[in-house]
Amino acid sequence: MERQEIMRRFAEAAGNPLSYARAWKERTGRKVIGSFPMNFPGELAHAAGALPMILQETDDPITAGHGVLFPFYCGFTRSMVDQAMRGEFDVLDAIMFGDHCVQLLGAADGIRMHLTKTRVIFFQLISSMCDPWTQGRSEESFAKLRAELEDFIGEAVADDAMHASIRLFNRNRALIRKLYDMRKKGTAPLGAIEMQHVVKSSMIMDKAEHTDLLQQLVAQFEGAKATPNRAVRLHLSGHFCQAPKPELLEMIEECGVVVVGDDLYHGFRYISTDVPEEGPPVSALARWYMDRNTGVPCPTRVQNNVDWDAYLLDAIRDERADGMIVLMAKFCEPHMYYYPEVKEAFEKAGVPHLLIETEHEGMALESLKTRVETFVEIVKRREAA
Amino acid sequence: MNRHVMGVDFGSTTAKTVILDLSGNIVAHSVAHMGAVSGDGVKQSMKDALEEAGLAQSDMGRVVATGYGRRMLDEADKNYTEITCHARGAVAMVPGARLVIDIGGQDSKVISVDSNGLVAQFAMNDRCAAGTGKFLEVLARAVEIGLEELGDTALQAREKLKISSMCATFAETEVISLLAEGHPKTDVLGAVHAAIAMRTLGLVGRVGKKGPVVMTGGVAKNPAAVHYIQQALEMPLILPKTPQIAGALGAALIGLDDYRAENKHLFISEHEDMAREEQMAADKACIPGCRGVPELAVDPFEKQPPKGKLKSLLGTIQNHI
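Chains as they are written, first to last, in numbering that gives the first Met the number 0: chain G, 0 to 384; chain R, 0 to 320.
So that you can see chain R by itself, here it is in the shape it has in the complex:
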């Protein structure tokens, strides 16, 4: 039996891989940037994770894929949607979370989770890139600023501006107009992030606002996005240390569930394992005739009167014999 499982999030702009041991501990994870749903990118991500773990693909008992390219991964035994996997991964990272906001490269989703950690409802952008990483990417280009500096620059905004269009292309036109009017980049970028926050608030409204709220996906690493979304929600966002790998982690955990269910006869929990060890030790120390319950054992060569309830039980058995 293999001792590890793998989850792969084959996203639109990045590929993420998580390897778990059979107790559910993260052994390795990796994030690889790539072009649109690139096979090379996802292979690199899997290779990096395997190298970090010192394992080979053949050591994986189960591989589960998620994300846009989930159906394209030959190595995957099963695939699940990013909504199911992000919810599972986010709840594993932040136990007790009831709302997951995930903003990725090409989609944004809000998932409400019930008390059992199962997806109750979800809403996602279904028509355009409004409120996604792609929206930020387009607008970063419009203000000629690197994606990594975007958040910190936007946090310096002083004046409240408004970008009313949710379409990335039209919003780009608005951004250019605002810059042409002489507004500083910081204020314009503040407005861009405020627009994303309002879009996210709309999705939250569709599934119902509740907490604790955890934010995952690449955009969770953007401090301005987090700031404006918190402001719009009027609730704090809990940020996992590695928000990008939530989907891959969820996929790996679902894979682990399946693998455990399929091989349950081979699996014993730590508790069961310890109990078995103790039993074996007791068995070794036992006298002949012992059936694994030493205190009930009777040495046929040593006649000792039984005590209490055991006495009456044995008496009954003897009478029947």
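With the rest of the complex left out, here is chain G:
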């Protein structure tokens, strides 16, 4: 299949996830399980024969949802509740919620109150990542999640099925990581929107179908020569739950930027870490959960020996990036609390960075463009000085 056709299919699923889910359900007659970000193991639902999909913020203005959540909740949570209130989630047979932040908890309650016929599976994960009991507590959480899932499906999920799902998911992640590596080296000149479509569609599509398309895509870049690009190389950081709006990414690239790396959830954060393929699958998932925070640190987790700011500075050196743009979703408390540390570390290291606060309701792109263009001019003039 041609690259354009593969990318079109990824973009289609990324642009309308619930339509993809409806079509899949109609085709297979199987269950669809939606989940909130960030640490839900899709492997479990996949092994149970369901389609796991991570629920996505839409561009629609918040209407009905205003009656449930205050306007100072983040755009992702308000969009989730709004979609639920408008009946958009009728395709979902179950929704899995985690307790990653207070706002996600609020959204979970709002949805639970209104979708009384949809099975809600709630799971809690220990947020302290380096205690002696972290592995054990994580195993307990995933074992409980498995048991709830089995209860919902009505049958046991076999270890063999889980191992097979883990291998498939790992393969999918490895292929996307390969694309990231190729983009960094310039041999896969994928734009920021294209890369988002690759990752976002992986959160939605049937994993085998997605992996097959990915293999074909990666093969087309194998052996390619690096394309010289004189644009300013930047790393994109932030957005732990929702995808940055494509028009924002487009605007950033129009300012003479090439995105060479990211730690976005709809980016490298999602595919950074594999699940161990050996041993009991629940233990493997617990290990994956813990490793993810060293793969790409998350401000919602607490780990004394891991710094997100140090990780970002390392990533920028590795990517040979000239600077970083931080995309902070408005009212994202974990990000707001952690950002001062990132700012301080970057200023100390002399690495330029620009903070952009993003909003569900849209942004004044022209004004933002002036800020990004200025940032690019700063980076260029500093390099020339």
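Source of the hints: derived by calculation from the structure; they are not laboratory data.
In silico DSS-like pairs for lysine-lysine, Cα to Cα no more than 30 angstroms straight-line:
hint, chain 1, residue 1, chain 2, residue 2
1, R, K240, R, K133
2, G, K379, R, K263
3, R, K77, G, K379
4, R, K133, G, K329
5, R, K208, G, K347
6, R, K209, G, K347
7, R, K209, G, K368
8, G, K379, R, K209
9, G, K342, R, K208
10, G, K368, G, K342
11, R, K161, G, K329
12, G, K368, R, K133
13, R, K42, R, K77
14, R, K208, G, K329
15, R, K208, G, K368
16, G, K368, R, K77
17, R, K209, G, K329
18, R, K220, G, K368
19, R, K208, G, K379
20, G, K368, R, K42
21, R, K209, G, K342
22, G, K183, G, K329
Put chain R on the given structure of chain G with help from the hints.
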């Protein structure tokens, strides 16, 4: 080679043009008022500056545009953002400035400048017209007073009132309420300017307070805005003579840098020029065989014993021959 460059600040309410000679001296400048990002206004501004300088557009070696309409100017060879240009222009006007407060028609920005005169950090109003010239314009209309009288009237304020809303529309409602309560226009306008100052202080907080502080942009010509901002900052503001043209000046200076870099083989500094003149004069006075260093010259027809180190050097050369 052309002997002049032009910087054009295609702003939201005014267009500014600066023409520089190749030494960086301002030859002409102009400010034209216009409607929202008007092509006619910017053309008028460029025409006025060219007429003042007695030059034609074709005499410009480089044209750099900045401001809201920077991408719309056909004559521009390059464009840069108003933040980069205002910082450059303000530092040129006030050497050593470390913080630039620029309040223009539709935006306000605070730029921190490093010791090399480069932009270190910046913050700008990103959502509404709060704290901008437009904010003042709306509120001047609400109190039925001309924009040019606004500052002097506000300076006569006696009682401290408070306008808490930063939104121009909501602030207008507050202004009307205060007037309806019987407060004099002077006090109400004092509160309006105090609100702008607090907004500016917020932007300063985002990039870090440091001095010397220079204020540019049209609002720098409003004495009440300057007074209240100084009071809020607890620091003096340095006001250039022509604060409105800082962006255009910065654009012209960046254009000059580019033009110089591109034609560096044609450029010689004044110092180099003088050195070359002296050399030519010396060459003319030289004896045959001179290679441009007269004191080392040797007249082949006049045998004079060399002196000191030169003697030993020449001796060595002769031995080798």
